[in-house]
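Student: Listed below are the residues making up each chain.
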Amino acid sequence: MNRDDPLLSVRDLRMGFADGRRVLAAVEGVGFDLAAGETLALLGESGCGKSATALSLLRLLPAAGRILGGEVRFAGRDLLSLPESEMRAVRGGGMAMIFQEPATSLNPVLTVGRQIGEVLERHAGLTGEGARARALALLADVGIADPARRLDEYPFQLSGGMKQRVMIAMALAGNPRLLVADEPTTALDVTIQAQILELLGRLQAERGMGILLITHDLGVVARMATRVGVMYAGELVEEAPRAAFFAAPRHPYTQKLFAALPDLARRGGRLETIPGQVPPLAAMPSGCRFAARCPHAWQRCRDEAPAWHAPAPGHRVRCHLLETPGGSVAAGTSVGASAVTGVPDAASVAHAAEAAPLLAVTDLRVHFPLRRGLLQRTVGHVKAVDGVSLTLARGRTLALVGESGCGKTTVGKAILQLVAPTGGSVRLDGCQLVGLGRQALRPLRRQMQMVFQDPFASLNPRMTVGEIIGEGMAAFAVARPAGERAAAIAALLAQVGLDAAAAGRYPHEFSGGQRQRIAIARALAVQPGLIVCDEPTSALDVSVQAQILNLLGTLQAELGLAYLFITHNFAVVEYLAHEVAVMYLGRIVERGNVAEVLRTPRHPYTQALLSAVPSPRPDARPMQQDFVRLPGETPSPANPPAGCHFHPRCPRASEACRQRYPDVTALSPTHAVSCHLYNDGA
Amino acid sequence: MLAYLLRRLFYALPILIGVNLITFGLFFVVNTPDDMARMQLGVKRVTPEAIEKWKAERGYDKPLFINPAAPGVGLLTETIFFEKSARMFVGDFGRAEDGRDIAREIVTRMGPSLAIALPTFILGLFVTVSLALLLTFFRATYLDFWGVVLCVALMSISGLFYIIGGQFLISKLWKLVPISGYGGGPDAWKFLLLPVAIGVVSGIGSSTRWYRTIFLEEIGRDYVRTARAKGLPETAVLFRHVLKNAMVPILTGVVVVIPLLFMGSLLTESFFGIPGLGSYTIDAIQAQDFAVVRAMVFIGSVLYIAGLMLTDLSYTLVDPRIRFER
Amino acid sequence: MSFQPVLLWSDLLIWLLVAGAVALGVLSARNPPLRAAWARVGRSRPGMAAATVLLAFLAVGLLDSLHYRPALPGGEGGRTVYSVEVLSALDALLTPLRTRNEKTYSAPLATRAHAREAIEVRAPDGSVRQVRDYPRLRHGGAHLGDEAARDADVAARLLRACALAAGLWLALTAAVAARRAARDGRGFAAAWRGLWRDGEGFAWNAVLGALAALLLLACALAALVPEYHVFGTDKVGQDVLYQVLKSVRTALVIGLVTTLVMLPLAVLLGIVAGYFRGWADDAIQYLYTTLNSIPGVLLIAAAVLMMQVVIDTHPQWFATAAERADLRLLALCLILGMTSWTGLCRLLRGEALKLRELEYIQAAQAFGVSDLAIIGRHLLPNLMHIVIIALVMDFSSLVLAEAVLSYVGIGVDPTMISFGTMINNARMELAREPVVWWSLAAAFFFMFALVLAANLLADAVRDAFDPRMTGAAS
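Protein chains in written order, with the numbering used here: chain A, 204 to 885; chain B, 7 to 332; chain C, 2 to 475.
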């Protein structure tokens, strides 16, 4: 192997999935180089073929997957022509892989030590004490405290972040020269994601590994990549060094991706969206695959697949627009255009302060009993929600932010009385909901509805869209005559941007974004004043997320809806929320207006959370200047730490924090925080 | 873990009581002892005296639950329920129609039953799991396809035909082993060979297919992909990763029957004339010996519940999540 | 009227089942997800071949479920008197088979009996002599002048049958192709070729293949039956083919009615336990764990013994022997159903537990929709696939169970013809010299065909309805 040769060189890789007797191509002509010590990020939305590409490199395809051609040269050898036995020496040895779901990617019935030992035995010939010592060193290397104990534990005894660290240790055990990381942090919370990304960066620097990072998150790309490749519908459409990529993306698809990202700058305006959908594998267009959704496409794009063009050294784009120098649409024009409307915040703030709140929650508690022992007696409680208070006025959006397991979803369900609260009060338009019987609650339910996270689980697959939307109308006898109801359903569908013909079809015929529109229409059908949105966009791709956020914004402006927006995504919060409440272990630790909480966060947890979010605009915020690295992970709500729940992870914890849960301190009429740092008149 | 097992034991008790009540209801409430007597003595032309005598001989002449005539605790103990049903808990099953003590009969007949059932079980498990692993290893090939077809064909054959066909071919045509019978001593294996072989073969179809499904389900999981990404050969993936995880569902179906092996197999024992509990049960059914059937129902349930507990225990061996439960 | 229709309880249930199947068909046709699942079944070649075979069995069973009592000749005073014997449409069709009994055993297609006996032979000189020989059968091959001509006669009949089968099959296939040609607006030749290709949406090739085999078998039997005992006769000289065909209905009743009996209970309790949780869940779980912990055969044995006592001590309840056998069959179905609902109930409870946490059910709760409506609108339709899979999966095991139970003596009434009673009656005959094998062979062949077809269809249905399979495809 020549010294200048790249570590990995992929040429014209094609793979597909067998469907009966056909093979549907899922990756078409992908080629890239990757040098040692470099991180190449493959970026794309779901179904674009990025994971299939990664699995093809190791020839680890699922049963239906077929490699159709191309060349994968790794360390001087063509992997696609290696016999399977030699390929096994490459897997885990030369090239290792980590996966998206650490919870399912580890074998549940083998100890951590055994699983790492397997790699050591296979690729380093180590067994017995030598292997144990090496495994200990590896675990220590990936930042696992008390590695000797962890070595003999099973995956279920580890937290999510620790499992991913073990996966990384396992990958490193064979001393690989290339690490393929397939969405390594997508299943993790932001603070854990920050830890894992930092770990990967450090290991790469120490070992000079190449990393092929598969991700859909522009923020992760900005944080990790040296070079970026963008995939669309099975093809690579743009490849550029990070700086050039973020400064001047050239492919219309890439530009659209950036423009669809929500953030503060776009507040009040509409987000760019990409119309249409990714073409299905069975019906790939013959010309440019993006042509049907591209605002700049002309006839040639539909007829002829574009060739690569290099607008700058190391930057190449597959687009007809770049044929003539300067022909590309300048990046950013569309971004600027969309941000002009501005936010009518000031006026509505003043207005909201006077009006009586639509929703007033005081000291809401939801405790789930923990049963143990012979007679299943209650031995304790999981305090999923433990004293949450909040208010929300008509036409306003309150974002409830927190990491997984903090109880934010339970708050939403308890407000809607889908989960019986243990205590506290929920007043909707002045009516106390807690303690009401089913019958008494029914008329009030019309006032409040919910939009759920998973667009695939939230619609009954056996009902037509019309029946789904009509269910609530029937329950509250809205628009009773059949004809009237059909008209009402058609109007609702139009309101959420769907065709009236959709009413006769079934949910499986719709894409994720369309399903979420149907779910919104179902909630709107009973004309509620309050909609609880439980992570309505977290299962969606960025471009589809933008459509849904736009829709929610429009509906709020037209109908004066109040949203309780449950999310973990700060970009979405910045874009659409008026107020923010940050939750940690069942309690709200900080709340205030968006500007207050996001620009001047006071609680150490909020600060850590905000600094852990990787920004997709490396230039917009100074990179990780005041990065607060949060150690450890969220403890179990069954057994929260004494005193301030956050103190074991807090960099500024004092004796008082260990003793007593802090009171709420008002920093301004709207901004309040629960932290001892601000208690004593600070 | 001890608490876990104790809890399971604690749950078993009400189930056992329920089983006892169900059998009692079936045998004494659905039909009165009078009906049974009339049935046993020939429906027509039975004198009331003969019925009374029949009932008195068997102790069926007492009230069902409460005996107001009896003094003290006799109010509850001198009843059919207490004497016939409740006393089964302490292993008192009463006497069969032929006057023999059922409990003693059961003890002596367990040996032959076990001699057939245990080898069949162990060999069968070994053969079917191996075959299933083989099919899994060659999944999505013609071997797998035709293997599954063969399994479906095998499981479509009634168990009766396996026995009849086996006896006919091997014992009658080829005269390899005795057609039936049971004996101790050095030649005992001759009598065991055919029933065990038939028992194994008749279970191949459904078990192999079932285990194959379990293995295939495990093979689709993420951790298998991880194991492959480590560069492990397919055999190591199959034996070290898949087999160990598949043990949980396999044990669920398998361990529970281990105690029931004592009961033997109804069909095999009756066809081969083996003096085990299976043939005892069948004879009792055909002779309408209610006392024996009642005893077997109760013992069967006790053994099944023991099997459930054994299953729980076996989980702790293969599944660390249960082993470490406090 | 020359006959009086009789509706046995099992007839009623069978025809109710047919009505239920038709209703399910209509429902499926209206509901696209169900229709799509059935279309997937239709694409499965083994599944459709099996379905064709099962339909043939079903036709036999249904014909055997139209019962009547024939009028006796010479009714007094203009009043018709009906026979106490209850016959079915199948019996009427098979009258030659049913009535032409021999004395005892005879081998398939034999012209003489299976065992020697003393017969009188008239010598040419007119003297009568006693010899031990195989006597000629009364009906088997009686039309033959010379017994040596049997093989040629059989061959000729088979040849004619083949020709007839081929003709019928070609006509049927052409009819199907013509219909498809008319529907799709393409040429007849193209439609014909299309029948044999995969990917046409429906596995016509498998259906037509199975049909060819069935026609061949049916024509061959029809050609031979008038003059021969194709599968021989049994101990009392009854035709084995007749017995086999009568067994089909018994197997179908056991396999289908049992599930029908347990279905409402399993669905109701499973959903109540899974959806409402709480004490109802505890009670239902306790109930099925307790029932489940009694080994199945023993519970059935105990229940059947008790049922026998009830039947035997109440002879006045039954007008005819057929009625008694019929009620005993239904009681067996009931008992089998009561012991086997636990599995489906547990399955449905688990699924209902999962479904009640799903967001579309929470959305309905957020509308204040009543529990009953949620169960009817959201839970039941999404549990349907489990019920359908359980129905087809249980069928084959129940048919097999009937044989074993009848053998043990706790199955159907001994006078009722079933695979189990056939095997039970014939199994001792393998010990005879020479061996009497045909009863067992015929029972084996037909039972195997029925169960194999059921298993194959069950596989196809499970693959088509299991959401895990379809989830992977979308």
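Rather than coming from a laboratory, the hints here were simulated on the basis of the structure.
Don't take every hint at face value.
[As the list claims (entries may be wrong)] Which chain C residues face chain B? A few, computed with CB under 7 angstroms, are given here:
#	residue
1	Ile295
2	Gly297
3	Ala302
4	Met394
5	Leu401
6	Gly410
In this text the structure is predicted, and so the values were computed from the model without any measurement.
Note that CB positions come from ideal geometry on N, CA and C, so glycine has one too.
Student: Per the CB criterion, is C/Gly297 less than 7 angstroms away from chain B?
Tutor: 9 angstroms, violated
Student: Should the hint that C/Met394 touches chain B count as held when the rule is a Cβ pair under 7 angstroms?
Tutor: 11 angstroms, violated
Student: Hold the hint about C/Leu401 up to the distance rule: shortest CB distance to chain B must be less than 7 angstroms.
Tutor: Interface hint status for C/Leu401: holds (5 angstroms vs cutoff 7 angstroms).
Student: For the hint on C/Gly410, just tell me whether its beta-carbon gets within less than 7 angstroms of chain B.
Tutor: For C/Gly410, the interface hint holds, since the closest Cβ of chain B sits about 5 angstroms away, which is under 7 angstroms.
Student: Hold the hint about C/Ala302 up to the distance rule: shortest CB distance to chain B must be less than 7 angstroms.
Tutor: Holds - the Cβ of C/Ala302 comes within 7 angstroms of chain B, reaching about 5 angstroms at its closest.
Student: Was the hint right that C/Ile295 lines chain B, CB cutoff 7 angstroms?
Tutor: 5 angstroms, holds
Hints 2 and 4, counting from the list given before, are not met by this structure.
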